[in-house]
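Chains P and B are the protein sequences, given in the same order.
By the numbering used here, the letter at position 24 of the first sequence is numbered 24, and the numbering carries on one by one without gaps.
By the numbering used here, the letter at position 508 of the second sequence is numbered 508, and the numbering carries on one by one without gaps.
None of these hints come from the bench; they were simulated from the model.
Worth double-checking, as some hints may not be accurate.
Straight-line Cα separation of at most 25 angstroms, PhoX-like style, residue types lysine-lysine; simulated pairs [to be verified]: (1) K526(B) <-> K462(B); (2) K181(P) <-> K7(B); (3) K105(B) <-> K132(B); (4) K480(B) <-> K508(B); (5) K462(B) <-> K429(B); (6) K41(B) <-> K218(P); (7) K69(B) <-> K218(P); (8) K69(B) <-> K480(B); (9) K105(B) <-> K7(B); (10) K218(P) <-> K181(P); (11) K419(B) <-> K407(B); (12) K429(B) <-> K526(B); (13) K248(B) <-> K526(B); (14) K299(P) <-> K132(B); (15) K526(B) <-> K407(B); (16) K205(B) <-> K299(P); (17) K429(B) <-> K407(B); (18) K181(P) <-> K3(B).
Footprint (simulated), chain P over chain B, 3 or more residues, beta carbon under 8 angstroms [to be verified]: (19) 7-18; (20) 295-304.
Note that CB positions come from ideal geometry on N, CA and C, so glycine has one too.
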Amino acid sequence: MFERRLWRNFDWLLLINVLAIVGISLIIIASTTINATSDPLFYVKRQAVRFAVGFFLMLIIVSIDYTYFYRFAPYIYLANVALLLLVLFAGKDSGGAQRWIDLKVFELQPSEFAKLGIIISLARHLAAQEGNFESFFSSLPAFLHVAVPMVLIFKQPDLGTSLVFIVILFGMLFMAGANFKHLLTYIFIGIVVGFPLLWFNMKDYQRMRLFIFLDPYKDPLNDGYQIIQSLIAVGSGGIHGKGLFAQGTQNYLGFLLEQHTDFIFSAFAEGTGFVGSVILLVLFMFLILRIIRIASQAKDSFGMLVCIGVATMMTFHVLVNVGMTIGIMPVTGMPLPFMSYGGSSLLMNMMAIGVVLNIGMRRQKLMF
Amino acid sequence: MTKSLQKRLRFFVLAVLIVTMLLTARLAWLQIYQYEYYVAKAENNRLRELPITAARGEIRDRNGEVLAKNRPGFAVSLLDLEKAYKDEVIALLSEILAVSPEEIKSKIATQQYKSFAPIRIADDVSTEIVAKVAEHQTELPGVIIETTPVRIYPGQTLAAHVLGYVGTIQADQYQKWGKEKGYRISDIVGQTGIELAFEEYLRGKDGAEVVETNHYGQRVRELGTVPPVSGNNLTLTLDARLQRIVEKALADIIVGLQEGGNSQAGKGAVVAIDPNSGAIRAMASYPAYNPNTFNQDYLQLMSDSDLPLINKAIAGAYPIGSTFKMIVGTAGLEEGFISPTTRFVCVGRKVYFRGEPPRGCHGGAVHGASNVVRALQVSCNNFFFELGKIMGIDTIIEYAEDFGLGKPTGLRDVPGEVKGTLLRREEGKPWYPGNVLTAAIGQGHAITPLQLANYGAILANKGTHYRPYLVQTITSPEGKTIFSAEPEVLNKMDVSETTWQTIHEGLKAVTEPGGTGSSLRTLPVKVAAKTGSAQASQDDSILPHSLFLGFAPADNPEIALAVIVEHGGLGYQAAVPLAKQILAEYYAEDNVEINE
């Protein structure tokens, strides 16, 4: 199973890249939560344990030939849908949304894992289509495939995550060879028909959140507050930043909220400035480009599409999360991969990296 | 790998690069281009300049007894408007402070545009409230507890009308002083009395403290402090011991009158001046108020028909009555209309001008022939009718003005002195020949108790009108003298010694057997005095005002005393016993001290 040729193809750079981001994450979490609990390292320890679990899961995934995932894709899909149904009926209510299943030692957020699950099952579905996208409606099954989990997540309600599915779908359709003009038409129809549909199914706070980023001072006390404080944190970081651990006043004086979860980038940018922010963005860019490189080398379209799905997901997460903290994207509650404090997201991303590494390791079609 | 796939992958890579560049560009905009703007915002978020209210200067009597000082108190203020103006915060605050949310909102509304300083919601709150606010700090972002000095008056009502009181700066005061003198909208300033007149001396210089606050508005650490500088201390000319005696006697007499069935009595005033300098030793107005509880009592005080907020000693104008007669006597002697031995005969009621009703002495008394000394002693109206008639009104008024009547005495240390009126010939007003008679016995004029005391002082010191004053010295908090009052002569009368001696003789005779103030003869000190019963109305059912004017010791005056008891009846019924009680207690204790 662990043959030498497999290790030869192991993408160490990708793993190092991930480790670098996780390392930064742990430092920032420590810096933002040092005064939050009696144990200054409480959050860091928890996140480190999750990382260890994630790393272990990654290793397991790496060791299983990914063609098994292809084979089990329908079950993965069904299992994810089942979990999402479960969370909808038996989930833990938190802040008006039901997103978690309480496993006592761990609060499972099925929508996070659904991202990877749907990427795998959709990749099998699209690979089976073998680039046959002549008809305008040839993508319809793919849409329906994604629609089921997406609607379940939207009902939680979790607008941001459900939007991730659409973006992943389009990214994968594009790389699966769907007609470019058709894709543009879908987007157009989506905006004209889908958006109003979405709008009337949204809760008030979601609507508010969707547009408040355009003018956060319209509601500086509530929805706009986080955006304003985040902009102040990022902007006042300047070129070199204020330093970590109680140097960033926005962070340690508590003006930033959720500074170790969704808004961790604000605290990071305040502490490390433009230099640090760009380094982190470049790390993400390398990570994603590395995944695309593996996609380009994959031995089959299933592997390629899975990698593309993962790359799309991460790109979108980075864009929306960082964009949110710097006021160019709505506040949707999407975590920053490997950075935000939280178990499900980290585990899922580690697993996704495992799958990608797996595909990269098994790229040669011809054995000698 | 197909060519199309290659192309699409390249497109994908491009998308990732664009996303990275877009985010980088935005970061550059925020962190490099707009850096200064956001740094300022972040500083603004965390740094607060909290004013430290300076203590007002203390006010003491001439012997150092504290009349007004400060104690530490707590105030509840709002710091961070953006957060503090949330409804939940106001609702909770309203519950804790027991004031309506509307009141809090109106305070915010009136203050927020005028100053960046904390908005004062409640002054001098209890420690229970302080504890409650602290307990709910996380639910009350932007709410802070300020320590502020609270003005207290240890003597309660003692010298209340002289001291005045303090209160939150009024809208018109803020308009007038706010910008120029750097007042804040929640500042406590003098509203009347010494507190108002010496506001600029008493007021200290506020300090400031720069603190770092977290998003609850709680202070995290202190970054720097500019200590406040207390205001200057005042030493008044008042003698707290005398003031206390005066206030007690005034209350005793008036309450005694009321208990004795005089339902008209209820108001009065006493002023004591040092005739050698113009220093006011006591000034009392009845009823008084307690400046410590002024705010709580305000509505009641405002609706009281006895006007306890008015300092009647300077703002109340009363007919002067018989105490005016020394003016007519002095004028007659000095202008040569009479000599000390000139006699007029009093035969009872008499018609002085044809067509007028007859006039006479009080109660139809017949005094027979009197010189000026006896006329003063028995307060013979007919003597002064005769003298007034030959002298004419203009001479009377000229002398009245020399004695400081009909114009302000010149007291500047407290605001609100009225100048009173004299019954003088004025163009456009009908003048009756009989008016000169009315004027000669002190009717038709209106004088303040201060004017009366000042007039007494001029009599006592034989013609010098010193400016009456209340503030003796002003010292800085370090003890440096900033101001020290010197007696200021406003007018010196050119009157012969003989005239003064004659008048003094008359006044001394008043407190001897047969005089109207003979009850004062038992005092341990010889008093020169004149009583008065000033007709308050044509209506006989309205009791006259009871007046007393005197100085003691008669031969070496150190105090000039004026007493007015509104509707107290005749002079001997209220004003004389009042003056007697004051002088008895004042000199009795003096003797005790000497004996020790």
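Results of checking the hints against the structure:
Taken as a hint, the K526(B) and K462(B) pair is honoured in the structure, with Cα atoms around 17 angstroms apart against an allowance of 25 angstroms. Between K181(P) and K7(B) the alpha-carbon distance is near 15 angstroms, which keeps this suggested pair within the 25 angstroms criterion. The hinted pair formed by K105(B) and K132(B) meets the criterion: a straight-line CA distance of about 20 angstroms does not exceed 25 angstroms. For the hint linking K480(B) to K508(B), the alpha-carbon distance of about 44 angstroms lies beyond 25 angstroms, and the restraint is violated.
Between K462(B) and K429(B) the CA atoms are separated by roughly 35 angstroms; this puts the pair beyond 25 angstroms, and the hint is violated. Only pairs whose Cα atoms come within 25 angstroms are accepted, and K41(B) paired with K218(P) is accepted, the gap being roughly 17 angstroms. Distance restraint check for K69(B) and K218(P): the Cα-Cα separation of roughly 49 angstroms exceeds the 25 angstroms cut-off, and the hinted pair is therefore not satisfied. A hinted pair counts as satisfied when its Cα atoms are at most 25 angstroms apart, and K69(B) with K480(B) qualifies at roughly 19 angstroms.
Restraint check for K105(B) and K7(B): not satisfied, since their Cα atoms lie roughly 64 angstroms apart, outside the 25 angstroms limit. With a C-alpha separation of about 39 angstroms, the suggested pairing of K218(P) with K181(P) is violated against the 25 angstroms cut-off. Of the pairs offered as hints, the one joining K419(B) and K407(B) holds, with about 4 angstroms between alpha carbons and a cut-off of 25 angstroms not exceeded. Between the alpha carbons of K429(B) and K526(B) the distance comes to roughly 44 angstroms, so the proposed pair goes past 25 angstroms and is violated.
For the given pair, K248(B) sits about 22 angstroms from K526(B) by alpha-carbon distance, which is consistent with the 25 angstroms threshold. For the hint pairing K299(P) with K132(B), the CA-to-CA distance comes to about 70 angstroms; that exceeds 25 angstroms, so the pair is violated. Taken as a hint, the K526(B) and K407(B) pair is broken in the structure, with Cα atoms around 31 angstroms apart against an allowance of 25 angstroms. Using a Cα cut-off of 25 angstroms, the hinted pair K205(B) and K299(P) is violated, with the two alpha carbons roughly 82 angstroms apart.
In summary, the hint linking K429(B) to K407(B) is supported, as the alpha carbons are separated by about 20 angstroms, within the 25 angstroms threshold. For the suggested pair K181(P) and K3(B), the alpha carbons sit about 18 angstroms apart, so the restraint of at most 25 angstroms is met. With 8 residues having a beta carbon nearer than 8 angstroms to a beta carbon of chain P, the region 7-18 of chain B meets the requirement of three or more and the stated coverage holds. Given a C-beta distance limit of less than 8 angstroms, the hint that chain P covers the region 295-304 of chain B is violated, as 0 residues qualify and 3 are needed.
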